[in-house]
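Novice: Given chain C, work out where chain V should sit, using these hints.
Note that the protein sequences, when read in sequence, are chains C and V. Its first residue numbered 1, the first sequence is counted upward by one per residue in full-length UniProt numbering. Its first residue numbered 1, the second sequence is counted upward by one per residue in full-length UniProt numbering.
Please note that a few of the clues may not be correct.
What the hints assert, rightly or not - Straight-line distance between alpha carbons at most 25 Å, and here's what the computed DMTMM-like set of lysine to aspartate or glutamate pairs gives: (1) K103/V / E33/V; (2) K445/C / D246/V; (3) K166/C / E473/C; (4) K221/V / D512/C; (5) K338/C / E71/V; (6) K372/C / D249/V; (7) K221/V / D246/V; (8) K369/C / D249/V; (9) K536/C / E297/V; (10) K163/V / D61/V; (11) K300/V / E462/C; (12) K262/V / D346/C; (13) K225/V / D512/C; (14) K338/C / D249/V; (15) K369/C / D246/V; (16) K45/C / E112/C; (17) K193/C / D476/C; (18) K497/C / E473/C; (19) K104/V / E297/V; (20) K395/C / E334/C; (21) K168/V / D285/V; (22) K6/V / E48/V; (23) K300/V / D520/C; (24) K338/C / E48/V; (25) K125/V / D181/V.
Honestly, the hints are just simulated from the structure, not real lab data. Every value quoted in this text rests on a predicted model; they were computed, and no experiment measured them.
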Amino acid sequence: MADSDGRQVDGVNHATGKIYRLKLFFNNEGKELTKEEKQRLRKEKKQHKKNKKDDKGPPEKEKEKEKASVPAPSKPATQSPAHKAAPAPVHASESAAAAEKPAKSKAELRAERRARQDSERTSKHGKKEGGQQSASSKPKATPNELQPVVKRLPEHVQVDDPAALKKLAKKLERQQVRQIHSHVPLRSDYGYKVSLFSHLHQYSRKSPPTLQISIPATVIHPSIVRLGLQYSQGIIAGSNARSVALLHTFKQVIQDYSTPPNEELSRDLVNKLSPYISFLSQCRPLSASMGNAIKYIKKEISNIPSQCKEEEAKGKLQACIDSYINEKIILASEAISKYAIEKISDGDVILVYGCSSLVNHILCKAFEKQRKFRVIVVDSRPRLEGREALRRLVKKGIRCTYVLISALSYILPEVSKVFLGAHALLANGYVMSRVGTSQIALVAKAYNVPVLVCCETYKFCERVQTDSFVSNELDDPDDLIVTRNGKSHLENWQTVKSLGLLNLVYDVTPPDFVDLVITDLGMIPCTSVPVVLRVKNVDQ
Amino acid sequence: LEDGRKLVEYFRAQIRGDPDVASAVAAIRSLLEFLRRDQSETILGLRENMTQAIRRLEETDSSVAVSSGGELFLRFISLTSLEHPDLSQCKNVMIERGELFLKKISLSRGKVGKLCHTFIKDGAKILTHSSSRVVLKVLENAAADNKRFTVYVTESQPDSAGKRMAQKLRKLNIPVMVVLDAAVGYIMEKVDLVIVGAEGVVESGGVINKIGTYQMAVCSKAHNKPFYVVAESFKFVRLYPLNQQDVPDRFKYTADILKTVKDLNQEHPMIDYTPPSLITLLFTDLGVLTPSAVSDELIKLYL
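Chain C extracted, bound-state conformation (with noise of 0.2 Å):
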């Protein structure tokens, strides 16, 4: 991965000047089309570079090389720069290049389409963009079968390489739209970081980001601005409560929106929302749940025709909004609590971690149906979650107790099960969750005690893991210090050179240990949300 990255800073910068690049950046279909157009440059480059080189090359490798290449495009991706040297895939991509069939698919033309506008209306505009280069060398479409997209890493994991640093600055900037001088601030890392998260970002609670926002902040919503500080600051936490309130502040923007003069509404209401969402994601890396529902935004609006009214395109997508809120969110765990109410038995010790919404919905509904059984909440620093579980349930009247995960192997011979949430299913049956869910899942494993996991779909994500360095979120590192009779000795940290504070909010449980998931859909076990995904998306 840090290959094509590489690539990137010698060769063209597509740092995204293009405002319709910054519009698909985060539209899936977009991603891969920006790649592929990336990666085709890149290819042009080096082929550049190499037919100066190249004449005495051996033709036979690259055939060889084209036929590997095909079933296992990814390869180029995956070596490092240092192995550049290696001339195999670089031979492979670009014969692959070179067998570049004239085909295009609709998506293309699409995106040549709106190139082609943008550039026009940039240069109407006079500023000046080297991107230019790029609309004008659009190669042609290789098709995406016999081409499938090198994934490129997304630029919240390559904190420490300056050149994406870089990069993502250069399109902070550019994210304005006909504005000069306001623009979406890069909130700067704080403090020392352990060398094997140093490519995630750090940041610290007391620099909240709208700090070098300029008043008023014409590019940024204010009550964008309010939910980015209320998730910086972890006023708002939680995976399903992070979602509703940006589904809501969503709403609240697209009442306030208006369509400029010569613009659609589709078009240019996706283009409004990237700017915002580069914001929140500088306030808090974007959960998966809240990656599905702005995906799910953009397509209802992408798919609002063009001689709607606009009153009508603002109600109809209000309505959906409503519509995903209750379907996905509200009647899922209404479900979710039919099947778990199943599961659980009079007599029962169930043992929750952490504070999950759901967990407690499920419990709740329990008790409300007479079930017999009692609850023991395991907790842990610098959080502390699970004391706002233990208030709403011994509210509720269901007898609980409260241990810190440190006691987990004494208390668990007493729990017949383990009731876990998640933050996101991944794709190859992983469950990610808080920090200490895996080590829960562990012990009860070692205990033979069930593991149920709930999750509705809406949180099922693409993204396959297989631990918990590559992709997490680090947390204010100056949480961990603690004020015990008036002393905190981890105070002055970052005065000592070899000490580094590691406040890591996910991690990342095998399927192994995880006996059931609850969804929506049913009980399923944790090896079969490919299929659920699969499922979904043919319903879509």
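Specialist: Leaving out everything else, chain V in the frame of chain C:
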């Protein structure tokens, strides 16, 4: 009620007439006959009667297969929308589909046998549990293929079903030895593979089978011997037990005991649950599946 009694009689007659037939197939035949004789006026009434009929059959024979077979039958005949406004036409369509379903599942045992017998190598020593007609078919096919193998069968108390299996195998000229249930751990090092049948295959990919299967699975895992399960696809049931206690009581005991006995804790359960982590492969008429693929197939069947 009258219909219910006639249904049960028909069902029992089916089983008496053809002892080799799977109980689920007999149940489905009876349900089809019930559908033909049914007099209800509306489709909803028809469905109601069918569900009642299935429940009556479950009371007679409490095995998992009858329950799963019945549910699948009901889904199969009403799977696609019945657009005909005329009830008798709808009924004819349903009866047609029912017969199609019956024909399909009557062939499934043969399909499983054909799939599995290739996994039995020449000179193999096979361990099996209790009496399963599907396993018998598999061994029959393997013997017909001129393979030489020996079979160890557990006695399988409390009904000594294993001894019946041994008799059947002797008729096929297959060398067989009956072992005690308690001798499974002792014999495991001698055998090459374990093949068992199933009463029901659950959503997680685990199986429900005669009591003693779980023990055998744990032993085979400890000895690293492959543990194969052979089952027809109509045995796939929408249950998801987390452990032994989570299996519903109506499957654990025979129908007579459920009706007569007050305190079920004093009774011995007839089945146990084997989790998917102990199973190597499942042979079904849908193909050879890993336990995690069972859920995918179930999703396809039911969703």
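Novice: Could you run down the list of hints and mark each one as holding or not?
Specialist: Hint check results:
Taken as a hint, the K103/V and E33/V pair is honoured in the structure, with Cα atoms around 14 Å apart against an allowance of 25 Å. At roughly 17 Å between alpha-carbon atoms, K445/C and D246/V fall within 25 Å of each other, so this suggested pair holds. With a C-alpha separation of about 21 Å, the suggested pair K166/C and E473/C falls inside the 25 Å cut-off, and the hint holds. As the CA atoms of K221/V and D512/C are separated by approximately 16 Å, the hinted pair is consistent with the 25 Å bound.
For the hint linking K338/C to E71/V, the alpha-carbon distance of about 21 Å falls within 25 Å, and the restraint holds. This hinted pair checks out: K372/C and D249/V have alpha carbons roughly 19 Å apart, not beyond 25 Å. Of the supplied pair hints, the one linking K221/V and D246/V holds, its CA atoms being roughly 22 Å apart against a limit of 25 Å. Distance hint between K369/C and D249/V is fulfilled; the C-alpha atoms sit about 21 Å from each other, no more than 25 Å.
Our distance criterion of 25 Å between C-alpha atoms is met by K536/C and E297/V, whose separation comes to about 16 Å. For the proposed pair K163/V and D61/V, the alpha carbon gap of about 22 Å is at most 25 Å, so the pair holds. Of the supplied pair hints, the one linking K300/V and E462/C holds, its CA atoms being roughly 21 Å apart against a limit of 25 Å. Proposed proximity of K262/V and D346/C is supported: the alpha carbons are some 19 Å apart, at most 25 Å.
The hinted pair formed by K225/V and D512/C meets the criterion: a straight-line CA distance of about 20 Å does not exceed 25 Å. Pair hint K338/C plus D249/V holds up; C-alpha atoms about 20 Å apart against a cutoff of 25 Å. Restraint check for K369/C and D246/V: satisfied, since their Cα atoms lie roughly 19 Å apart, inside the 25 Å limit. Straight-line distance between C-alpha atoms of K45/C and E112/C comes to about 20 Å, which keeps the hinted pair within the 25 Å bound.
Under the criterion of a C-alpha separation no larger than 25 Å, the hint pairing K193/C with D476/C is consistent with the structure, at around 11 Å. Our distance criterion of 25 Å between C-alpha atoms is met by K497/C and E473/C, whose separation comes to about 23 Å. Under the criterion of a C-alpha separation no larger than 25 Å, the hint pairing K104/V with E297/V is consistent with the structure, at around 17 Å. Between K395/C and E334/C the alpha-carbon distance is near 20 Å, which keeps this suggested pair within the 25 Å criterion.
Straight-line distance between C-alpha atoms of K168/V and D285/V comes to about 23 Å, which keeps the hinted pair within the 25 Å bound. A C-alpha spacing of about 17 Å is found between K6/V and E48/V, which places the hinted pair at or below 25 Å, so the restraint holds. For the hint linking K300/V to D520/C, the alpha-carbon distance of about 17 Å falls within 25 Å, and the restraint holds. Distance hint between K338/C and E48/V is fulfilled; the C-alpha atoms sit about 23 Å from each other, no more than 25 Å.
The hinted pair formed by K125/V and D181/V meets the criterion: a straight-line CA distance of about 17 Å does not exceed 25 Å.
Going down the numbered hints, you'll see the structure goes against none, and every one checks out.
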